[in-house]
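Chemist: The primary structure of each chain is shown beneath.
2 protein chains.
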Amino acid sequence: MLRLLPRIKPGRQSIPAIREINQELGEDSISTDDEDLKMHGYSEWSSVNIDRLPVAVAFPKSTAEVATIARVCHKYKVPMIPYSGGSSVEGHFAASFGGVSVDFLNMSEVVAFHPEDMDIVVQPSVSWMEMNENIKSSGLFFPIDPGPPAKIGGMIATNCSGTNAVRYGTMKDWVVNLTVVLPDGRVIKTRKRPRKSSAGYNLNGLFTGSEGTLGFVTEATLKLAHIPQESGVGMTTFKTMRDAANAATQIVRQGIPVGAVELLDDVQMDVINKMGATGRVWKTLPTLFFKFSGTKLGVQDNIEDVRKIVKDNRGSELEVEQDKAKQAVLWSARKEALWSMLCMRESGHEVWSTDVAVPLSRLPDLVEISKRDLDKLGLFGSMLGHVGDGNFHETILFNGAEERELVSKCVHDMVHRAIEMEGTCTGEHGIGLGKKEFMEKEVGEGSLSVMRGIKLSLDPFWLMNPGKVFDP
Amino acid sequence: MLRLLPRIKPGRQSIPAIREINQELGEDSISTDDEDLKMHGYSEWSSVNIDRLPVAVAFPKSTAEVATIARVCHKYKVPMIPYSGGSSVEGHFAASFGGVSVDFLNMSEVVAFHPEDMDIVVQPSVSWMEMNENIKSSGLFFPIDPGPPAKIGGMIATNCSGTNAVRYGTMKDWVVNLTVVLPDGRVIKTRKRPRKSSAGYNLNGLFTGSEGTLGFVTEATLKLAHIPQESGVGMTTFKTMRDAANAATQIVRQGIPVGAVELLDDVQMDVINKMGATGRVWKTLPTLFFKFSGTKLGVQDNIEDVRKIVKDNRGSELEVEQDKAKQAVLWSARKEALWSMLCMRESGHEVWSTDVAVPLSRLPDLVEISKRDLDKLGLFGSMLGHVGDGNFHETILFNGAEERELVSKCVHDMVHRAIEMEGTCTGEHGIGLGKKEFMEKEVGEGSLSVMRGIKLSLDPFWLMNPGKVFDP
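If you're matching them up, the sequences are chains A and B in order. Counting in full-length UniProt numbering, the first sequence runs from 1 upward without gaps. Counting in full-length UniProt numbering, the second sequence runs from 1 upward without gaps.
Since the hints were derived computationally from the structure, they do not count as laboratory data. Warning: the hint list may mix true and false statements.
Since the list can't tell identical chains apart, any single copy or any two copies may satisfy a pair.
The calculated DSS-like cross-link candidates involving lysine-lysine, where the alpha carbons are at most 30 Å apart (straight line), are [what the hints assert, rightly or not]:
| id | residue 1 | residue 2 |
| --- | --- | --- |
| 1 | Lys-223 | Lys-296 |
| 2 | Lys-324 | Lys-308 |
| 3 | Lys-436 | Lys-239 |
| 4 | Lys-326 | Lys-61 |
Next comes chain A alone, as it looks inside the complex (with noise of 0.2 Å):
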């Protein structure tokens, strides 16, 4: 599965390496224990493992630690790869190429929060729930919202969104600064803390999303947003996925501010249903869930116009709770969606979570065709959309060999077929190992190669988290 890097061969220099960390940062500051390799190394997540495993994992405490472990590993040119939640799916903590991984879990604080400033400054494994538990009362909150593990060191090298991102954007969006060890261990800071700047080039832009290829981001501020007056949660189901497709796209269409749309298929409701996490049996059909968001009547006005749309479209009767803890157990089963599939599987089976996103008009055609071929497989997948912005994932379950090269079939078709459609080979996984050879039909070798610069010119010996977006 894996290619060796033609050009550019880290070193194998870990064991003085590991050995400097340890004088330098004190006994607990670097682990070889086996269960510690495995932990980091292997994601039963992910769409892809490798065989590999780290050499080492480190705990830096501060900035300035992070900056001795990568001094030391550029000394002895040793990999280096950025560990926070663990949660994505792309292979992008697999250890490619041996070397150290960097855990900040002791890297987890606020550092500071201005609720005037309406910002937040975090080090990289806060939690985004727990973060938006702790500022509640303050009515500011962090808009994107991934799965539930995902640590903000994660979120922004993936550039990940979720539900709320047909409303507020992308991670890139949010961001106000960064501080980022570089790969021979010095310490930049991207910018200060305007919420708008022309100075110089975008650096935030550009370490948001590179999968910690380019750097260590050790600190960040980022944006918040007002917790709205008024929600709700709305419900519906339709007869046909395109349907369902159809009702999205028009609603995003015709400017309806919905907070979220979201579209889950009939497989993925009897999923729902048969691990009985939401307390509720829920029909087995192409199901669009929203939120709605905004002032009192600004939420009544959309709940009306959405209503139309999902008339028009065949839709049943939309369901609506503006209560907090009826919003919850409605929000319920789209919460449920991803962990009850996971629930699914049975022992020693595995799971292929995959996204891609096209022009919104597009989406329609998309679904209806994915969700065909994904029937005539024969296995177990499930199909669910952040459908506002064009966004959807499918997760299937398999066994073995022969299985994956079916998934892996399914998989390669639906995103060769969603860039055909002027889309992309991820809308918010991001590409880690999982989705390398896309990249050049997706974005072109005049692209990838402007991007080989940039990462050259950072990270000339390819010492971060290589063998991950591209090759050398």
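Starting from the known structure of chain A, fit chain B onto it as the hints suggest.
Modeler: Only chain B this time, still in chain A's reference frame:
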């Protein structure tokens, strides 16, 4: 004023380069007329002008022709300077090292309009105002609104924004993909046409705001937004600048989703009265102008919320217009502000227009101190702010070298103050020639070295718009 680049000095092989462009693209493709040179090397809008002019001005008609120009200039090591609207104010298109100005005059077409995908594909000399006029009937618009003469190419180059930024963000948030001619003539397209993507480095975000120093943007796909159902314009006056700034920041801080909130000082209001372009006499007091937009009911909510905060800060009764024609009249004062200032200039007098941005909570302090400084100066200057995102402008008229010194000191003091308040030396104008000296203080030597590395990876001979943003 201009210091020579210490290490890299573009060659002077202009004459054979001009001849070769002429041969390859035809007689009309390149001009050496004095008038053309002057128009492309000097700007009466700009706070900085230099004595040197470009040696020629090229007028490409396509991406392929731009690639030819770049290939020839690269071969002879001749500097290249992109030019579109010519309305930038920090010497962005000054010919610091001579070279060829590349004017996109003949590339002003809408290439494709995809209302169903909510995007539009345009060439660099498309005017944002004309574009919005032409697509109005689709219910869509492009929300970034810099000065009226601005064109898309320059708007991308400076990561511009304008009055709508508090609601819609800045230029970088609206770019789907870019076609870029690199300094050696290669053509890349940053990505396909998905509204979101996590595939590879964010080249859109890198080229946007790079001020033409990394390549020529020859085509851009831009996201569009929905024209809100309902809109309104509001206006109120305050006793002091601090009261006005406090009201503005409280409105944003409380999450009232205003479409814009603009602060004009007493001097600015007086100038508008004197020029008489609005058909109304305004009070010469610190004044806030608002845009409201949303659903019918949502706008009512917002107006009432703003009214309360204005009252809490001792503002006058909020005047609101919701009729389209009356809105335009009320907004006219804001719209005519800069033009009125420029009309005040006597013959031979110059203008210095500058902007900074700071974290929201620091805005009232900065505005108050800067206003006091400006008054002390004894020159004619006004203040105007996009205060909802902590960004504001000073426009100062002056005559001769002695007064230039005074203005320069005033601007320098304001910029240093903004940076010390964790702000930026420019929120939306960009660096150009005029603000290079502040870059190191703002982003630090480390970030500057990263930017230099990126620049060298794409433009090793420093041919693209040399002398701007930072030096080698």
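Chemist: So, for every hint listed, does it hold in this structure?
Modeler: Verification of the supplied hints:
With identical chains, the CA atoms of Lys-223 and Lys-296 are at most 30 Å apart both within one copy (24 Å) and between copies (28 Å). Within a single copy, Lys-324 and Lys-308 get their C-alpha atoms as close as 24 Å, and across copies as close as 28 Å, so both meet the 30 Å cut-off. Taking the shortest Cα distances, Lys-436 and Lys-239 never come within 30 Å of each other, neither inside one copy (37 Å) nor across copies (60 Å). For a Cα distance limit of 30 Å, the shortest separation of Lys-326 from Lys-61 qualifies neither inside one copy, at 41 Å, nor across copies, at 60 Å.
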